[in-house]
Amino acid sequence: MEIKNLTCINCPLGCAIKVEMDGETILHVKGNTCKRGEVYARREVTAPVRMVTSTVRVTGGTLPVLSVKTREPIPKEKIFACVQALKVIELLAPVHAGDVVLKNAADTGVDIVATKNVALVKS
Amino acid sequence: MESYEIVIIGGGPAGLAAAVSARKSGIEDIVILERDRELGGILNQCIHNGFGLHTFQEELTGPEYARRFVSQVEELGIEYRLNTMVMDISPEKTVTAMNREEGLFQLQAGAVILAMGCRERPRGALNIPGYRPAGIYSAGTAQRLVNMEGFLPGREVVILGSGDIGLIMARRMTLEGARVRGVAELMPYSGGLKRNIVQCLDDYGIPLKLSHTVVDIKGKERVEGVTLAQVDGQGKPVPGTEEFYPCDTLLLSVGLIPENELSRGMGVELNPVTSGPRVNESLETSIEGVFACGNVLHVHDLVDFVSEEAAAAGRYAAAYVKNTDKDSERRAGIRIKPGEGVRYTVPETIDPVRMEEKLPLRFRVDRVYENCYVSIYFENRRIFHKKRRVAAPGEMEEVGLERKELLKYPHLKEITVRIEEE
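Chain order of the listed sequences is A and B.
Numbering that gives the first Met the number 0 applies: residue 0 is where the first sequence begins, and numbers increase by one.
Numbering that gives the first Met the number 0 applies: residue 0 is where the second sequence begins, and numbers increase by one.
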């Protein structure tokens, strides 16, 4: 049996939750003081996901970097692989919010998209 | 002199929402003055997600949230001037500003909406001993450098203060390849959101050291390390608890201060607790026709509430300009008193005749309370008593007051908001 310790993020109370696991099976969820805490804890120990936001380089634009995000949350363990894949990308201005910057980032099946417009610098 | 019905000072989330709502309330003649190169204010550098859950029922990043409002401003044809710094506003509402195209110029405003936002408390406000080496940044400055200018300000980082910007930057610097050695927080609790503690620190194994502060900064040209120490109940460092952290960068996330130099200059009365203007139900300051909203009024946690507040300021300013506010004579109004456990309220007075049907009364508690009650007293009579499982200084509280309720008490002089424990 393994115990995973979590802090609930649903409200400022921040309950310390203990989840007893037997391999992949959840035996008990303890320490939460409401239903939302249990739902959070169950998801967090089985398949934690996160949105990833970062920046990529742009040339010829009004800004040197462009803000981007994963279109959907991705598995937590893929965060660094995702950010690594963005490091080598260099875009040409103009870029529009919603443009796909990287398809299927780090084999998550999720695209990374621009969250901002970067206009072309008028020379 | 050029004149406008409404001049809005600042094109961040507050200024944008105020402009949109004033236009929708029928005011054609509006201008936004913004000192940065684009509209959107601080949202432009907040590239993380989590904005807009209340307003749009979806989670947006800062730039996306800003875009929603900037698009509306553009569709409605609202005029704005970028790279424009407002230097002075006179009590008669003459706005003096400058930019590179027009030089120094003046605008006469029918109404002014103050939406200048806030800025970060700097190192100078903290009395940390040590030299003044390179490598000490406020968290927001580092955020702008990383997210908008494309620079990483350091590789080995310690953060002082666990406000949300500090937490967000702990994750951001980590993702960019820096090593964040820890976050020190003077208080025994964090002022940041739980979600940020989990997703910005715990996810990356970054320690949060509560009741700790920086007692020394080592390095003459560049930061070489900082010494952290535990503090006692009075915030004094405990001898013997010092620990040295080698690092090249110290980020400060130690509070935000509403930026009210212009307000003060024109004689607007400020509240020493919020450092923002004192306002009535119309979000109108002590000067008639001058309104305030967003972080210049009081520092908010969520931009959604800034937009909501600013939209109200826009409507009230529009009513003032059109002279449709029911009764242009200013009455003293009902005084709202922060009682036990409450640090301040916005607004501070309410005239039930001029208020909208429903008015959000916003306030902050003075410490963390569990299983407490938020109570509202009309004079000595308790008329609202609602349980809160938890109330914390880091999360703004809100209670809705209804106009029809208040009109039932024509002689009411004072309303008190209190936190009551079981």
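Simulated from the structure, these hints should not be mistaken for laboratory data.
Any given hint could turn out to be false.
[To be verified] The list that follows gives simulated cross-link-like pairs (lysine to aspartate or glutamate, DMTMM-like), each with its CA atoms no further than 20 Å apart:
| hint | chain 1 | residue 1 | chain 2 | residue 2 |
| --- | --- | --- | --- | --- |
| 1 | A | 75 | B | 215 |
| 2 | A | 77 | B | 175 |
| 3 | A | 75 | B | 201 |
| 4 | A | 86 | B | 421 |
| 5 | B | 386 | B | 365 |
| 6 | A | 86 | B | 148 |
| 7 | A | 34 | B | 100 |
| 8 | A | 3 | B | 28 |
| 9 | B | 193 | A | 37 |
| 10 | A | 121 | B | 148 |
| 11 | B | 193 | B | 35 |
| 12 | A | 77 | B | 201 |
| 13 | A | 75 | B | 100 |
| 14 | B | 193 | A | 43 |
| 15 | B | 23 | B | 58 |
| 16 | A | 121 | B | 37 |
| 17 | A | 3 | B | 202 |
| 18 | A | 77 | B | 369 |
| 19 | A | 17 | B | 175 |
| 20 | A | 121 | B | 394 |
| 21 | A | 121 | B | 201 |
| 22 | A | 75 | B | 175 |
[Claimed, not checked] Here are some chain B residues the structure puts well away from chain A; computed CB gaps all over 10 Å:
| hint | residue |
| --- | --- |
| 23 | 48 |
| 24 | 62 |
| 25 | 104 |
| 26 | 129 |
| 27 | 149 |
| 28 | 193 |
| 29 | 220 |
| 30 | 243 |
| 31 | 288 |
| 32 | 332 |
| 33 | 355 |
| 34 | 389 |
| 35 | 408 |
Since the model is a prediction, treat every value here as computed from it, not as a measurement.
The beta carbon of each residue, even a glycine, is placed where N, CA and C say it ideally should be.
How the hints compare with the structure:
1. Restraint check: the Cα-Cα separation between residue 75 of chain A and residue 215 of chain B comes to about 36 Å, which exceeds 20 Å; the hinted pair is violated.
2. In summary, the hint linking residue 77 of chain A to residue 175 of chain B is supported, as the alpha carbons are separated by about 15 Å, within the 20 Å threshold.
3. Our distance criterion of 20 Å between C-alpha atoms is met by residue 75 of chain A and residue 201 of chain B, whose separation comes to about 12 Å.
4. Among the hinted pairs, residue 86 of chain A with residue 421 of chain B is inconsistent with the structure: their alpha-carbon atoms are about 54 Å apart, more than 20 Å.
5. Restraint check: the Cα-Cα separation between residue 386 of chain B and residue 365 of chain B comes to about 17 Å, which is no more than 20 Å; the hinted pair holds.
6. The hinted pair formed by residue 86 of chain A and residue 148 of chain B meets the criterion: a straight-line CA distance of about 15 Å does not exceed 20 Å.
7. Straight-line distance between C-alpha atoms of residue 34 of chain A and residue 100 of chain B comes to about 59 Å, which puts the hinted pair past the 20 Å bound.
8. As the CA atoms of residue 3 of chain A and residue 28 of chain B are separated by approximately 59 Å, the hinted pair breaks the 20 Å bound.
9. Distance hint between residue 193 of chain B and residue 37 of chain A is fulfilled; the C-alpha atoms sit about 16 Å from each other, no more than 20 Å.
10. A hinted pair counts as satisfied when its Cα atoms are at most 20 Å apart, and residue 121 of chain A with residue 148 of chain B qualifies at roughly 19 Å.
11. Proximity of residue 193 of chain B to residue 35 of chain B is assessed by CA-CA distance (about 32 Å); at most 20 Å being required, the pair is judged violated.
12. Of the supplied pair hints, the one linking residue 77 of chain A and residue 201 of chain B holds, its CA atoms being roughly 16 Å apart against a limit of 20 Å.
13. Our distance criterion of 20 Å between C-alpha atoms is broken by residue 75 of chain A and residue 100 of chain B, whose separation comes to about 49 Å.
14. About 15 Å separates the Cα atoms of residue 193 of chain B and residue 43 of chain A, which keeps this hinted pair within 20 Å; it holds.
15. With a C-alpha separation of about 25 Å, the suggested pairing of residue 23 of chain B with residue 58 of chain B is violated against the 20 Å cut-off.
16. Among the hinted pairs, residue 121 of chain A with residue 37 of chain B is consistent with the structure: their alpha-carbon atoms are about 16 Å apart, no more than 20 Å.
17. Simply put, residue 3 of chain A and residue 202 of chain B have alpha-carbon atoms about 14 Å apart, close enough for the 20 Å limit, and the pair holds.
18. Under the criterion of a C-alpha separation no larger than 20 Å, the hint pairing residue 77 of chain A with residue 369 of chain B is inconsistent with the structure, at around 37 Å.
19. With a CA separation close to 32 Å, the supplied pair residue 17 of chain A and residue 175 of chain B exceeds the 20 Å bound.
20. At roughly 44 Å between alpha-carbon atoms, residue 121 of chain A and residue 394 of chain B are farther apart than 20 Å, so this suggested pair is violated.
21. For the proposed pair residue 121 of chain A and residue 201 of chain B, the alpha carbon gap of about 44 Å is over 20 Å, so the pair is violated.
22. In summary, the hint linking residue 75 of chain A to residue 175 of chain B is supported, as the alpha carbons are separated by about 17 Å, within the 20 Å threshold.
23. For residue 48 of chain B, the non-interface assignment is contradicted: its Cβ lies about 5 Å from the closest Cβ of chain A, within the 10 Å cut-off.
24. Annotated as non-interface, residue 62 of chain B brings its C-beta within 10 Å of a C-beta of chain A; the closest such distance is 4 Å.
25. The beta carbon of residue 104 of chain B sits about 25 Å from the closest Cβ of chain A, which is more than 10 Å, so the claim that it is off the interface holds.
26. The beta carbon of residue 129 of chain B is kept farther than 10 Å from every beta carbon of chain A, the shortest such distance being approximately 32 Å.
27. For residue 149 of chain B, the shortest C-beta to C-beta distance to chain A comes to about 4 Å, within the 10 Å cut-off, and the non-interface label is violated.
28. Under the 10 Å C-beta cut-off, the non-interface status given to residue 193 of chain B relative to chain A is violated; the minimum distance is some 4 Å.
29. The beta carbon of residue 220 of chain B sits about 27 Å from the closest Cβ of chain A, which is more than 10 Å, so the claim that it is off the interface holds.
30. The claim that residue 243 of chain B is not at the interface with chain A holds, since no C-beta of that chain comes within 10 Å of its own (minimum 28 Å).
31. Even its closest Cβ contact with chain A, about 36 Å, leaves residue 288 of chain B beyond 10 Å, as expected for a residue assigned away from the interface.
32. Non-interface call for residue 332 of chain B relative to chain A: holds, since the shortest CB-CB distance, roughly 32 Å, exceeds 10 Å.
33. Distance check for residue 355 of chain B against chain A: the nearest CB is about 29 Å away, which clears 10 Å, and the non-interface claim stands.
34. Chain A draws residue 389 of chain B into its interface by the beta-carbon criterion, the shortest separation being 4 Å against a cut-off of 10 Å.
35. For residue 408 of chain B, the shortest C-beta to C-beta distance to chain A comes to about 33 Å, beyond the 10 Å cut-off, and the non-interface label holds.
Consistency with the previously given hints fails for numbers 1, 4, 7, 8, 11, 13, 15, 18, 19, 20, 21, 23, 24, 27, 28, 34, ordered from lowest to highest.
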